[in-house]
Amino acid sequence: MKSRIKYPVMFVTLVLIQVLLLNQVNFGGFLNPYIYVLFILLLPVSLPRYQVLLLSFFTGLAIDWFSNTPGLHASATVLMGFLRSPVISMTTQRESEQSDYPGLHHTGWRWFVTYISILVVIHHFFLFFLDVFSFENFFRTLLRSMASTVFTVFIIVLSQFLIFKE
Amino acid sequence: MRNLFRFILHNHVFFLFLLLEILSFIFIFNFNHYQKVRFLNTSSEITGKVYDSFSKMYDFFRLPAINRELSAENARLRSILGVSGTPGEIADSLVSHYPSADYQFNFIPARIINNTVNRQQNFLTLDKGSLDGIKPEMGIITANGVVGIVTHVSPSYASGISLLNTRWNVSAKLSRNGYFGSLVWDGKDYRKALLNDIPFHVDISAGDTVVTSGYSVFFPEGILLGTVESFEKGGGDNFYTIRVILSVDFKAISYVEVIENIRKSEIENITRRNGTDEITD
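Chains A and B are the protein sequences, given in the same order.
Here the first sequence is numbered in my numbering, starting from -14 and rising by one per residue.
Here the second sequence is numbered in my numbering, starting from 407 and rising by one per residue.
Quick caveat, the hints were computed from the structure, so don't treat them as lab data.
Just to be clear, a hint being listed does not mean it is correct.
Claimed, not checked - DEER-style ranges, computed between Cβ atoms: (1) B:Ile514 / A:Phe124: 39 to 45 Å; (2) A:Gln9 / B:Ser671: 49 to 55 Å; (3) A:Ser84 / B:Ser536: 29 to 35 Å; (4) A:Gln78 / B:Arg408: 55 to 61 Å; (5) B:Glu543 / A:Ile(-10): 44 to 50 Å; (6) A:Ile(-10) / B:Asn675: 56 to 62 Å; (7) B:Ser536 / A:Val30: 45 to 51 Å; (8) B:Phe421 / A:Ile(-10): 45 to 51 Å; (9) A:Val30 / B:Ala478: 55 to 61 Å.
Said to hold, decoys possible - Stretches of chain A that chain B covers, calculated by requiring three or more beta carbons in the stretch to come under 8 Å of a beta carbon on chain B: (10) 31 to 41; (11) 52 to 60.
Note that the Cβ used here is the ideal one computed from N, Cα and C, for glycine as well.
Looking at chain B on its own, in the form it has when it is part of the complex:
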């Protein structure tokens, strides 16, 4: 016993090294389950404050670009409304003011205060938190398309995983013919991702639009993801490997919208019930 003690004491540096490495690896592997880890992420108040104050300064220098982005979005929205179609001119004003049966999504505006594109798992931090109604598992979009999904919230900040995250994929479809697959980032280029699970018989051409399928509860149907750049038949399986140019420039995003799906729990309940039915019947 005393020998063992002396051995450990003699090699205390090595044992401390082992201990700290084991501790680090426990952190690394626990973090693979995003929802479980409640500490050491950028939704915390301290990291949020640091990023917030810095990004205000940084955004100041980007104001021209941000203005262009916003005015482009205004133009896009106006073209959807139609030239004469301002909301006041709709004959039945009740229509636009009360939620209809289709009403399913709320949009909360937010600003990105920290964002990376150079890692395998990229994350972003928002300047709004649970006090503004943001909850985990809400989708994040911009006018140009899908950005990511919220994973952690503190009272005034939220952090989320970006689409540029090799451990996350989005349910996507080709808008021309409705065939769906999953869009996943391969960790190489922040402007490109891969669309998987599209079978060989589907007619694809370069330039086809890829949008969200609406099958996941995070995003409404038809949010832009990107356009098909190239496609090839992968060896072995029956699915295309499709390279997609992402519509969002992840290096230049600042203002985003967080999507609240007010029927999320309802949809999840019914899906769960379907699953159990299959097992019991």
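With the rest of the complex left out, here is chain A:
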């Protein structure tokens, strides 16, 4: 019952924070944090994978709609949603101890930071290279996506203390 409201609220909040705040504040055009991916990262582990994929697609499209980039965020988020389950099973050692809800407090900070870092790296690298659509300025794009990844992970960890604490 509670999750029925929790996830839609989280979705709307994250999309609005992304398009109204983070997309506007661009630090020298170099750092672009995309924290909306947190919505997919925080979905219950037991959620069927096809649902994760569909939710990834629509989350990406929502961001695309606001930033004039049809398909760009959708494709990066779908890739991330697809790899979420392999990454979870790769990083989890003891299945029984794992909570169904990823989070700093439920699943332990060490696992959580590893889990979000791997998926945010995948999402950001795919997104930045697809956006530039060439390997011409390879190292510049690499640096941009790395710096933004660090920033996104930082904001996500911070948000765990502030908002999605429960």
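Once you've looked at the hints, dock chain B against the given chain A.
Frame of chain A; chain B shown alone:
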């Protein structure tokens, strides 16, 4: 057949993944043709409303800067008029009130409610739409120079591509000697762009002004684009690579003017006829 079915069902996650990625890529590649895509852009009423309400709040905190911008523009316009030259003092008052043969451009004021500088293809959203007379392919400028061009309109909002868009270039010329080329953004720094197609024999120096050429139907001649920062001879071809500092600070624009070229269709018709003549003759 049943085996194939079972195979797909067994790997349904992977096939759904493929399907969604293919769908996304269809969106990405279709969007390269700006005019064709009528959905998923910020001229829509919903995204427009969201940006509009937020930008009102944001603009409130920027009022001092906006005021400075506007008063600077007032000062500039007054200096063009001359100290005594208020419109009322012109001897023949008819001159200023009726369109002359040169009259070609209408200006519609608008406010930018969303703007990015950090992507390869940057876009902006305006708070005016087709109800205010805005149509696709109109130029967008500020007092400082060229901003972009309108691509999509809804009744009350419009979205456009900004000059900071690697897939768009502006016809530009050096105002000192009139040689023209194309100004294109290289996607790196939002304050700088490149001027191409200026041949080696042209005399250039740092600080030269770059303005619109007036050859495109989007902008009048002589709208400021920027100043030459540096230039070098590119390897291989016969043209300079000129780095231009843009005159517009794309991070701090809020009020703009949309330009309507009332002779646009006339010019386009005649250009098209020229093209066909060449083929038939």
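Taking the hints in turn, this is what the structure says about them:
no.: 1; hint: B:Ile514 / A:Phe124: 39 to 45 Å; in the structure: holds (43 Å)
no.: 2; hint: A:Gln9 / B:Ser671: 49 to 55 Å; in the structure: violated (37 Å)
no.: 3; hint: A:Ser84 / B:Ser536: 29 to 35 Å; in the structure: violated (52 Å)
no.: 4; hint: A:Gln78 / B:Arg408: 55 to 61 Å; in the structure: violated (39 Å)
no.: 5; hint: B:Glu543 / A:Ile(-10): 44 to 50 Å; in the structure: holds (45 Å)
no.: 6; hint: A:Ile(-10) / B:Asn675: 56 to 62 Å; in the structure: holds (59 Å)
no.: 7; hint: B:Ser536 / A:Val30: 45 to 51 Å; in the structure: holds (48 Å)
no.: 8; hint: B:Phe421 / A:Ile(-10): 45 to 51 Å; in the structure: violated (32 Å)
no.: 9; hint: A:Val30 / B:Ala478: 55 to 61 Å; in the structure: holds (57 Å)
no.: 10; hint: 31 to 41; in the structure: holds (count 5)
no.: 11; hint: 52 to 60; in the structure: holds (count 8)
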